[in-house]
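Under numbering that gives the first Met the number 0, the first residue of the sequence shown is numbered 0, with each subsequent residue one higher.
Be a bit skeptical, because a hint or two may be false.
Unchecked claim - Label-pair distances were calculated between CB atoms; the ranges are:
#1 Thr-75 <-> Lys-10: 17 to 27 Å
#2 Ala-27 <-> Ile-81: 45 to 55 Å
#3 Phe-26 <-> Phe-72: 40 to 50 Å
#4 Ser-107 <-> Thr-42: 45 to 55 Å
#5 Lys-65 <-> Tyr-113: 14 to 24 Å
#6 Ala-71 <-> Leu-91: 19 to 29 Å
Because the hints were derived from the structure by calculation, they are not lab data. Using N, Cα and C, we set each Cβ at its ideal position, and we do this for glycine too.
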Amino acid sequence: MPVLLPNICPKTVTLSAGVYASQGSQFASGISAIRRAANLPHTVQLAVDYGIILDTEAAALLAAWKAAYGTAFEVTLNSEIIDGIDSSLTALLPPDADWYFEEVPQVSSVFPGYSRASASYISDTRLPRG
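Using the sequences and the hints, build the whole thing.
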């Protein structure tokens with residue numbers, strides 16, 4: 000069962016639309032060819048900067064990381080992350096994507112009770128779905 004991320008409004012969201020699987024060949028004659036091996040991109044990334052948030056929200060983000068056992072289990076992105084992206088860009092997201100933490104969320108204290116937080120999420124469509 001996916002882990003629900005806390006409902007924190009992001010300051011910025013950076014989308015990397017993914018790459019296409021391809022295979023390159025170099026022939027003895029010196030000619031090289033690249034063949035695309037898939038019709039959908041894989042390894043779509045979302046880098047989310049939450050900006051300055053309350054420490055309780057930062058703790059909830061880290062608790063979601065712990066509940067997902069790091070990068071092991073799927074997470075459900077809250078609607079505020081997706082709603083903040085223009086519809087022309089969300090069209091680049093794979094349909095029915097399964098999202099995972101890409102790395103440990105970064106949290107740094109800036110003032111008592113306030114922290115700056117960011118997290119990266121990845122959806123690799125090459126992963127088997129269970």
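How the hints compare with the structure:
no.: 1; hint: Thr-75 <-> Lys-10: 17 to 27 Å; result: holds (20 Å)
no.: 2; hint: Ala-27 <-> Ile-81: 45 to 55 Å; result: holds (49 Å)
no.: 3; hint: Phe-26 <-> Phe-72: 40 to 50 Å; result: holds (44 Å)
no.: 4; hint: Ser-107 <-> Thr-42: 45 to 55 Å; result: violated (27 Å)
no.: 5; hint: Lys-65 <-> Tyr-113: 14 to 24 Å; result: holds (21 Å)
no.: 6; hint: Ala-71 <-> Leu-91: 19 to 29 Å; result: holds (26 Å)
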